[in-house]
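J.: Throw the hints in and build the complete structure from the sequences for me.
If you read the sequences in order, they're chains A and B. In this text, residue positions in the first sequence follow my numbering: the first is 376, and each later residue adds one. In this text, residue positions in the second sequence follow my numbering: the first is 7, and each later residue adds one.
What the hints contain is simulated information worked out from the structure, not anything from laboratory work. Ideal Cβ placement from N, Cα and C applies to all residues, glycine included. Careful: at least some of the hints might be erroneous.
[Unchecked claim] Here are a few chain B residues that sit away from chain A, every Cβ distance over 10 Å (derived from the structure):
| no. | residue |
| --- | --- |
| 1 | V41 |
| 2 | A87 |
| 3 | G168 |
| 4 | R195 |
| 5 | Q201 |
| 6 | D210 |
| 7 | Q211 |
| 8 | T212 |
| 9 | S223 |
| 10 | H228 |
| 11 | R277 |
| 12 | H283 |
| 13 | N310 |
[Stated by the list, open to error] With a straight-line Cα cutoff of 30 Å, these simulated DSS-like cross-link-like pairs (lysine-lysine) come out:
| no. | chain 1 | residue 1 | chain 2 | residue 2 |
| --- | --- | --- | --- | --- |
| 14 | A | K507 | B | K79 |
| 15 | A | K507 | A | K489 |
| 16 | A | K536 | A | K489 |
| 17 | A | K507 | A | K536 |
| 18 | B | K79 | A | K489 |
[Said to hold, decoys possible] In silico negatives: residues of chain B with every beta carbon more than 12 Å from chain A:
| no. | residue |
| --- | --- |
| 19 | A207 |
| 20 | G219 |
| 21 | G225 |
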Amino acid sequence: MFNALLAAALLQASAPAHDRCPEAVAPPAELSGWASPRPLGAGRTVGRATMLTPGVAVAARLPSTRDVRYVVRPEKPGGSVSYGGVFAFTVTTPGRYRVALGSGAWIDVLADGKPATSVAHGHGPACTGIRKMVDFDLAAGRYVLQVAGNGTADLPLMVTKLPA
Amino acid sequence: MIGRAALTLAALILTVAVAAPWRWSLPPGVVAPIVPADNPMSAAKVALGRRLFYDADLSIDGTMSCASCHEQKHAFADVNATRPGVHGDPGRRNVPGLANVAWLSSLTSADPRVTTLEAQAMIPIFGLEMGMHGSEQEIPRRLTRDVCYRRQFRAAFPDRRGRIDMTSVAMALASFERSLVSFGTPADRGALSPQATAGKAVFDQTCASCHSGPIFSDGHFHVILPVDKADRGLAEATGRAEDEGRFRTPPLRNVAVTGPWFHDGSARTLRDAIARHPVMLDAADTGRVLAYLMALTDRGFIENPAFAYPDDPCGSK
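T.: As structure tokens, this is what we get:
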């Protein structure tokens with residue numbers, strides 16, 4: 376039965392068609408630090424969440440999803456072979472903040488253990504290496520950033536405040 | 007001796023529970039769907055399929071599950087025109103909703119050869135979407151590591167001795183998808199507003215020749231949009247010129263939450279989707295039909311916890 380199912384599946388597949396970027400494009404000003412990230416290991420629990428500094432990009436190293444304990448179960452938690460992590464950051468100036476990622480991983484920004492509601496999301500500018508951006512309106516305080524379902528252990532990541 | 011008897015009794019109870027016939031919860035007049043004889047419904051299979059549906063270990067890098075694209079809040083469609091695959095390959099067709107898929111005579115937008123959910127499930131798993139082609143043994147290997155899965159497969163497939171392979175995975179996924187029944191809309195309850203009632207009258211006259219029957223689809227393939235050489239529709243399966251640009255009539259329950267619409271997701275609004283059909287509706291009638299289509303949203307289906315991510319599949323909490 377499986378061979379028949381697989382044959383039917385492969386009939387449906389077509390050739391891959393990746394976007395091509397002849398050269399890298401500089402990210403917008405608010406993400407200018409994106410091109411020079413510093414290495415950073417992700418936390419596995421909220422108690423050991425790794426601190427991020429808004430405006431500073433990181434080349435995050437993520438543990439296996441099996442080793443991560445999330446505060447809130449992510450809506451799309453990723454499989455056992457995926458990677459995730461727990462970060463934290465502090466907002467001193469209220470405003471709109473953007474979480475930029477180099478992958479399509481799921482993210483949650485938590486305030487007092489509850490997910491904040493995003494106000495916008497979308498793809499990053501073409502050829503910048505930013506694949507996904509999610510915006511939040513945040514008051515001053517400490518926030519937890521959960522990353523879930525990343526396909527590799529490496530994740531370019533940045534939290535930054537957007538111009539008012 | 008007593009221990010062995012207790013074990014036998016427990017096994018008997020489990021067997022009876024697993025073998026218990028599936029009971030469809032359907033409104034009067036709706037006939038239960040045809041289910042493949044070699045994959046009868048059971049509660050254990052549906053529970054297993056539900057867990058698999060939400061498990062991203064069904065994709066090559068663990069990032070994408072069936073539910074990544076088929077989101078319950080969108081009646082198991084999603085909000086994108088198309089979705090890229092696990093490696094970033096662009097998607098080709100709009101993600102369809104899954105309400106009442108058990109009644110569809112063919113699956114996918116334009117391939118009448120795919121007639122079972124078991125077969126359909128393998129298309130995204132081994133296609134560009136989830137990227138498992140070439141790694142056929144990987145999913146069983148991953149699932150076998152999990153003690154809860156081993157228990158669930160044994161309960162769901164006693165006839166296969168709980169074997170964890172892609173045949174069982176496909177059967178369980180199909181069983182869960184068949185359980186996605188949606189007949190609880192205001193229209194089903196006879197709770198239409200005057201505007202929606204007027205819209206139903208217009209719909210019955212102008213739309214119901216194709217969007218017909220209990221699931222609002224005749225199951226046939228029609229040309230609605232101009233033919234696009236990049237996606238030839240039914241002709242890709244049949245090779246016949248007359249099938250260029252033909253796509254299957256989509257079911258309409260929950261249509262208001264499954265946008266964007268059409269096989270390519272090119273209609274950003276439901277109003278636009280109506281306008282691109284070859285029927286002449288003035289603004290007033292379009293508004294009435296829109297009101298009727300809005301009344302085809304089944305909140306009980308979209309919010310049914312029995313279809314949501316299973317947080318505790320083996321009762322370990």
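J.: Q201/B: least C-beta distance to chain A exceeds 10 Å?
T.: holds, 32 Å
J.: Taking C-beta pairs only, is R195/B more than 10 Å away from all of chain A?
T.: The assertion about R195/B holds, with a minimum of 30 Å to chain A.
J.: Mind checking the alpha carbons of K507/A and K489/A for me, to see if they're no more than 30 Å apart?
T.: At roughly 22 Å apart (the allowed maximum being 30 Å), K489/A and K507/A satisfy the hint.
J.: Non-interface claim for H228/B: all C-beta distances to chain A beyond 10 Å?
T.: Check passes; 21 Å lies beyond 10 Å.
J.: Non-interface claim for A207/B: all C-beta distances to chain A beyond 12 Å?
T.: The assertion about A207/B holds, with a minimum of 39 Å to chain A.
J.: With a cut-off of 30 Å on the C-alpha distance, tell me whether K79/B and K489/A pass.
T.: holds, 20 Å
J.: Measuring Cβ to Cβ, find out whether N310/B lies farther than 10 Å from everything in chain A.
T.: With a cut-off of 10 Å, N310/B remains clear of chain A, as the shortest Cβ separation is near 17 Å.
J.: According to the definition I'm using, a residue is off the interface if its beta carbon is farther than 10 Å from all beta carbons of the partner; does A87/B meet that for chain A?
T.: holds, 13 Å
J.: Could you check that no beta carbon of chain A comes within 12 Å of the beta carbon of G219/B?
T.: Since the minimum Cβ distance to chain A is about 26 Å, G219/B lies beyond 12 Å and the statement holds.
J.: Find the nearest Cβ of chain A to the Cβ of R277/B and say whether that gap is larger than 10 Å.
T.: About 24 Å separates R277/B from the closest Cβ of chain A, which puts it past 10 Å; holds.
J.: Over 10 Å from every CB of chain A: does T212/B meet that, or does the non-interface label fail?
T.: At about 33 Å from chain A, T212/B clears the 10 Å cut-off, so the statement holds.
J.: Quick one: work out the minimum CB distance from Q211/B to chain A and report holds if it exceeds 10 Å, violated otherwise.
T.: Consistent with the label, Q211/B stays out of reach of chain A, its closest Cβ about 36 Å off (over 10 Å).
Comparing the model with each earlier hint shows no violations; every hint is respected.
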